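Protein sequences appear in the order of chains D and H. For reference, each letter of the first sequence is one residue, going 28 to 163 in the numbering used here. For reference, each letter of the second sequence is one residue, going 122 to 599 in the numbering used here.
No wet-lab data here; the hints were simulated from the structure. Heads up, a few of these hints could be off.
[Claimed, not checked] Quick look at which bits of chain D chain H covers, simulated, 3 or more residues with Cβ under 8 Å: (1) 48 to 55; (2) 81 to 90; (3) 107 to 116; (4) 157 to 163.
[To be verified] Straight line, CA to CA, 20 Å or less: simulated PhoX-like cross-link-like pairs of lysine-lysine: (5) H:K534 <-> D:K135; (6) H:K535 <-> H:K545; (7) H:K535 <-> D:K135; (8) D:K135 <-> H:K543.
The structure presented is a predicted model; accordingly, all values stated were derived computationally and were not measured. We treat Cβ as the ideally placed atom computed from N, Cα and C, and that holds for glycine.
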Amino acid sequence: MFELLEHTADIGFRARARTLAELFETAAMALESIAVETEAIEPRQEYRLEATGEDHESLLVNWLSEVLYWMDGEQLAFHHFRVTEITATGVSGRGMGERRDPARHRAKLIVKAVTYHQLRVAETPEGWVAEVYLDI
Amino acid sequence: MPRYYQLESSDGIRYRIPREGQMRTDVVVYASAALLEHIKLDLSLEQAMNVATLPGIVGSSLAMPDIHQGYGFPIGGVAATDFEHGVVSPGGVGFDINCGVRLVRSGLTEQEVRPRLAELVEQVFQDVPCGTGGSGFVGVDQKQLEQVLVLGARWMVENGYGDRRDAEFAEAGGALDDADPRQVSEKAKKRGRPQLGTLGSGNHFLEIQYVETIHDDKAARAMGLQVGQVVVLIHSGSRGLGHQVCTDYLAQMGPAMKKYNITLPDRQLACVPIQSEEGQAYLGAMRAAANFAWANRQGIMHFLRRSFRKVFGAGARLELIYDVCHNIAKHERYEVDGKKRDVLVHRKGATRAYPPGHREIPLAYREVGQPVLIPGSMGTASWVLVGAEGAMRETFGSVCHGAGRLLSRTAAKKGRNAQEVKKKLEEMGIVVRSETRDGILEEIPEAYKDVDEVIEVVHRAGLARKVARLRPMGVIKG
């Protein structure tokens, strides 16, 4: 589950999940759906995704940056994500999706990058929450 | 987080926040009283105070009248650091390395273009790719891309994407020296390769405009500008290549800062010593990305020329007036407290503005000063200025870069629909084409500060002088 957040020049989202692994999956999907219309994306292929970091914050930024690279650099569109392993300094998982087809997966915004601006990753009594701002 | 600060001003145009806490210097904001009230609404001044904590900062942490909240650095911020002992901050350049503006003049008048405006806008929309569709760009192989990263706009000109004089009329001749493509990751190259010659989205645009008023005859003559003339403003940057370079180096900065014992109030400000291995690697990659951006704007101009010829015939000529970047860190030399200092000037949403006589200005403009191009919001106005002496004395040769956002993208979209906005703009004589529906709504004129007031501040402060006000006719957005 995620919602959009306001920023004068850009856009952000707040993601919530029961576990840290789910939080990373939800955040990746938030990124995908800010950039592209996701309705027609099909989970045809599996792509391996990995990232490392010094703490939860940098781990999340590096994970989302990796997802963004596959979206923009490798022209993929993701239907959903699965995190298979997550520690304090490493995350690995996969994205299920297909090659980007501009006709079926219309662009909404070109996301330039994932930022550290007011970044928050926290465990609360209700579960995990993350706030992330994107440069667009 | 918002915090308390004191603002002092003796002239109603320069506002000072005195040094306090971890700050190593003061903050100086250029603004009018009205603009200042807007500026105080977001975190931009707090961010300018954070910039004042950078190790080796020289002079003040500067904020231009179009300042708004960014990431780490405010957008509209300028900071110079000592070239030997100071730091370089990738956040002080931003994700869109060498995002910038290029102004092109046509030989056509508003009256000649107006009857065929819709056709022209449609043609440009078809010919200039925005980069979301994955086709239509300038195709280069890996080896050619490496050359683009070193030669910038010059590579484009040598390979048939421009006239010989085009590169000469870009800041730094359209390419920075000491670019190091080896420091650019394969990921960055992969993201950038299919995006050369594409506009991008967000606030990037291409605008067909006409000269509404001239405020400095001599400077306007030097630039070949006259009232009623049609010009085109191109606003774009280094696309995915630059974004990835910044992302890559920010990821390395955390561990490197520990090594150099640097602590900062905001992680996005991450920095390393300029003369460190990491600092030099970033600067080599940043320069390569900057060169990609100049090549990108040259590619867009090449496609634009094609559109004008298709609509107005083979005789329709477009000539480059100038090309300036507004996200960059450059090694420059200034007099500070009576001494010449070598500094790295970080311009984050700020434009270089050299005064008359500076040897880095093309000969055609040297007597009048460097052209400074300030895009306003869609539907209002843009400005051509020239740099003035005040910029050399006070702001490390820098001025503002735009109108500055007022409303967030989400707030801009609330309660509006794209069709209505388009219709309203058409009633004002402005034809808009956008790849994305949100592109129109997010960039509505109401989302920006009054560009005229921003310009008035830098003009009165003596940082730059007004030359011409431009009015939009056609807008192409990503």
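Comparing the hints with the structure gives:
no.: 1; hint: 48 to 55; in the structure: violated (count 0)
no.: 2; hint: 81 to 90; in the structure: holds (count 5)
no.: 3; hint: 107 to 116; in the structure: violated (count 0)
no.: 4; hint: 157 to 163; in the structure: holds (count 3)
no.: 5; hint: H:K534 <-> D:K135; in the structure: holds (13 Å)
no.: 6; hint: H:K535 <-> H:K545; in the structure: holds (16 Å)
no.: 7; hint: H:K535 <-> D:K135; in the structure: holds (16 Å)
no.: 8; hint: D:K135 <-> H:K543; in the structure: holds (18 Å)
The structure is inconsistent with the numbered hints 1 and 3, although it conforms to all the rest.
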